[in-house]
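K.L.:
As a plain string of letters, each chain reads:
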Amino acid sequence: MSTEVEVTLRVDGTPHRLTVDVRTTLLDALRERLGNTSAKKGCDHGQCGACTVLLNGRRVNSCLALAVAHDGAEIVTAAGLALDGELHPMQRAFIRHDAFQCGYCTPGQIVSAVAMLAEAEAGWPSAVTMGEPAGVGSGGGDGPTVGTVTDDEVRERMSGNLCRCAAYANIVPAIQEVARR
Amino acid sequence: MRTFRYERSSSVSGAVALLAEAPHGAFLGGGTNLVDLMKLGVAQPDLLVDVRRLVSDRVEELPGGGVRIGAGTPNSECAAHPLVRQRYPMVSQALLSGASGQLRNLATTAGNLLQRTRCPYFQDITTACNKREPGTGCSAIEGHHRDLAILGTSPECVATHPSDLAVALAALDATVRTHGPGGERVISMTELHRLPGPEPQRDTVLQHGELITAIDLPPAPFATRSHFRKVRDRASYAFALVAVAAAIDLADGVVRDVRIALGGVAHKPWRAYRAEELLRGGPADEERFRQAAEAELADARPMPGNAFKVPLARNTLVATLLDLAGGPR
Ligand SMILES: Cc1cc2nc3c(=O)[nH]c(=O)nc-3n(C[C@H](O)[C@H](O)[C@H](O)COP(=O)(O)OP(=O)(O)OC[C@H]3O[C@@H](n4cnc5c(N)ncnc54)[C@H](O)[C@@H]3O)c2cc1C
Ligand code: SF4
Ligand code: FES
Ligand code: FES
Chain A
1 MSTEVEVTLR
11 VDGTPHRLTV
21 DVRTTLLDAL
31 RERLGNTSAK
41 KGCDHGQCGA
51 CTVLLNGRRV
61 NSCLALAVAH
71 DGAEIVTAAG
81 LALDGELHPM
91 QRAFIRHDAF
101 QCGYCTPGQI
111 VSAVAMLAEA
121 EAGWPSAVTM
131 GEPAGVGSGG
141 GDGPTVGTVT
151 DDEVRERMSG
161 NLCRCAAYAN
171 IVPAIQEVAR
181 R
Chain B
1 MRTFRYERSS
11 SVSGAVALLA
21 EAPHGAFLGG
31 GTNLVDLMKL
41 GVAQPDLLVD
51 VRRLVSDRVE
61 ELPGGGVRIG
71 AGTPNSECAA
81 HPLVRQRYPM
91 VSQALLSGAS
101 GQLRNLATTA
111 GNLLQRTRCP
121 YFQDITTACN
131 KREPGTGCSA
141 IEGHHRDLAI
151 LGTSPECVAT
161 HPSDLAVALA
171 ALDATVRTHG
181 PGGERVISMT
191 ELHRLPGPEP
201 QRDTVLQHGE
211 LITAIDLPPA
221 PFATRSHFRK
231 VRDRASYAFA
241 LVAVAAAIDL
251 ADGVVRDVRI
261 ALGGVAHKPW
271 RAYRAEELLR
281 GGPADEERFR
291 QAAEAELADA
301 RPMPGNAFKV
311 PLARNTLVAT
321 LLDLAGGPR
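Line by line, the protein sequences give chains A and B. Residue 137 in the working numbering sits at position 137 of the first sequence, and the numbers go up by one each step. Residue 189 in the working numbering sits at position 189 of the second sequence, and the numbers go up by one each step.
If you are wondering where the hints come from, they were derived from the structure by calculation, not from laboratory data. Just so it is clear, CB atoms sit at the ideal spot from N, CA and C, and this is done for glycine as well. Wrong hints could be hidden among the right ones.
Claimed, not checked - Far from chain A, by Cβ distances over 12 Å, these chain B residues were calculated: (1) H24; (2) M90; (3) G98; (4) L103; (5) R104; (6) H145; (7) E191; (8) K230.
Stated by the list, open to error - To be clear about the criterion: a stretch of chain A counts as covered by chain B if any three or more of its residues have a C-beta under 8 Å from a C-beta of chain B, and this derived list gives those stretches: (9) 9 to 17; (10) 52 to 60.
Put together the whole structure using the sequences plus the hints.
P.N.:
What follows is the structure, encoded as C-alpha cells:
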C-alpha cells in the first residue's frame, strides 16, 4: 500500500504541481520526478551535503526533508544559481580555483557556500567564532565581522559538505575569493 | 521505508489527539533524525503528525530574566539569537558544535532533545538491540565500545544520548513545557531523559503523544561565564566522545556557584552534582577542579574499548573549568 499526496514546489524559479508517494524526499522529488539532477545523492542520510539546496532561502539537506512537509516551498539548486545563463560568482570562483575533481559534491558545495556566506554576513556565529569561553577570550558574544571570515571559519561552516576527492585545498580559496568581495 | 499517513493540525490539542489515537504514530519536527531512522527501518511510524510549524519557532524573553525557546525554533536560529548568545553562551556553543549548517537549519529544538542514540547496533536492524527490540539483547556490550557510556549503564543497554544541546540545558536547570493527552506539564531537563535500567526502549519520561511546546531557561546571571567543550574524533561534524557544559560564578579566586553537565558519557545528559558540591565555596584552582572531576567519575564503569573516556572526561572538565577561571591552559 502506498499513499499519494499532491505538493506544489517552486524549483529554480519554475512552479511545479506534482503527485508523489508520501515517502518521497525533496531530493527524490527533484531528481526522479522533476528531472532536476543538480543536487546529488551521496549518502541519503544527511552525512555528506551533496544534496544541499536552498529551501526558502536556507541551505538544507534535501535527502532528509520530506516533500510533503515542505509543500509550497521555494527551492534553489546549484543550477538555479546561474541567472540568465550567467554563472554565479561562486560557480566562477570554483572553476577558477579548480575546486573540484570528479564534481559530484560540487553542486552541494556551491549552494552551501553561497548560503554560508549569507549566514556569516547576517552575523550568525559558528563554533569557531563562539569557540572561546565568554568573559575570557574575545569571541564569546560576537559573530564574525563582515568580510573577514578566516580559513578556519570557512572550514568549520562548510564541514557539512564532504568531498571524496579532497578538493578542500582549492574549495577554501574559491570561497574566500567570493567572501572578500 | 514503510508508508505512513501524514497529518497536520491547526491546534496543539488537535495534534495531541491525532497521536493519542495512533499508538504507532510519531510527531515530525525537521525530520533529520526521524526520517533517517525510517530509511534505516529502525523507526516505522504509521502516522506522522507534522508539528514543525505548529509549535512556536521563536526565542523570547521571559519576565525576570529567563528565556523561552519555542520547540520549533531551528537549531541555527536558536544558536544565533542574541538573547541566547549573551545570556547562555554555552547553549549557542553546544548547538554550533553539533551536526552541520544544513542540518541545523532543518533541525528543531524539540527534535534535537528527542533524537535517538547513535549506537551503531541500534541503527543496524540486523543486530540484537534491547532499545530497538526489547528483550533481544545488547550487541554493543560484546561489540565496539568507543561511543558508549561509562556512567549509569545497565546490563541491558550502554548507549549514550547524542544531543549536545541537552547537555547545556541540563547544566542550566532548564525546564521542558509539554502538552500531552493528560494536559500540560513542566519537566526539569535533568529529568527528561532516563537512565536505561531494564527498559532502554524508553529514552525519556514523556508519554506517547506528549508534545514539547517550549524550553524555558531560568535566569542565571553567571551563565554569561559559561562554556561548552566537545571532544570528538574529527575537528567538526562528529558526535561527542566527551562533552562538558559548565558555568561558573567566581569571586576573589573562590567558586561561589557552578553548574556542570557531561555529555557522551551516559544515557542522559550527566549533571555533575557531586563535582558542583565539592567546588562550591572552594578555591578556583587546578587541584580542586581535579578532585571534583575525580569524585564525579568515581562510579564510572567503563568497558575495555571506552576506558579512555574516564581520563578524557576528567581532563576535559578540568580544562574547561580552568578556561572559565581564566587560569593557565
Ligand atoms: C550527520 C549528522 C550529524 C549530526 N551530528 C550531531 C551532533 O554532533 N550533535 C547533536 O547534538 N546532534 C547531531 N545530529 C542530530 C541532529 O541534531 C538531530 O537530528 C536534530 O536535532 C533532530 O531535530 P529534528 O527537528 O530534525 O527532529 P526529528 O527528526 O523531526 O524528530 C526527532 C524526534 O523528536 C520527536 N519530536 C519532534 N518534535 C517534537 C515535539 N515538538 N514534541 C515531541 N516530540 C517531538 C520526533 O517524533 C522524533 O522522535 C546529527 C545528525 C546528523 C544526520
Ligand atoms: S547499547 Fe543500547 S542501543 Fe546499543 S545495542 Fe545495546 S541496547 Fe541497543
Ligand atoms: S545525500 Fe543528503 S547529505 Fe548525503
Ligand atoms: S570533487 Fe569529487 S567528491 Fe568533491
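K.L.:
If a hint holds in the structure, say so; if it does not, say that too.
P.N.:
How the hints compare with the structure:
{"no.": "1", "hint": "H24", "result": "holds (15 Å)"}
{"no.": "2", "hint": "M90", "result": "violated (8 Å)"}
{"no.": "3", "hint": "G98", "result": "violated (9 Å)"}
{"no.": "4", "hint": "L103", "result": "violated (6 Å)"}
{"no.": "5", "hint": "R104", "result": "violated (9 Å)"}
{"no.": "6", "hint": "H145", "result": "holds (22 Å)"}
{"no.": "7", "hint": "E191", "result": "holds (28 Å)"}
{"no.": "8", "hint": "K230", "result": "violated (8 Å)"}
{"no.": "9", "hint": "9 to 17", "result": "violated (count 0)"}
{"no.": "10", "hint": "52 to 60", "result": "holds (count 5)"}
Taken one by one, the earlier hints fail for this structure at numbers 2, 3, 4, 5, 8, 9, listed in ascending order.
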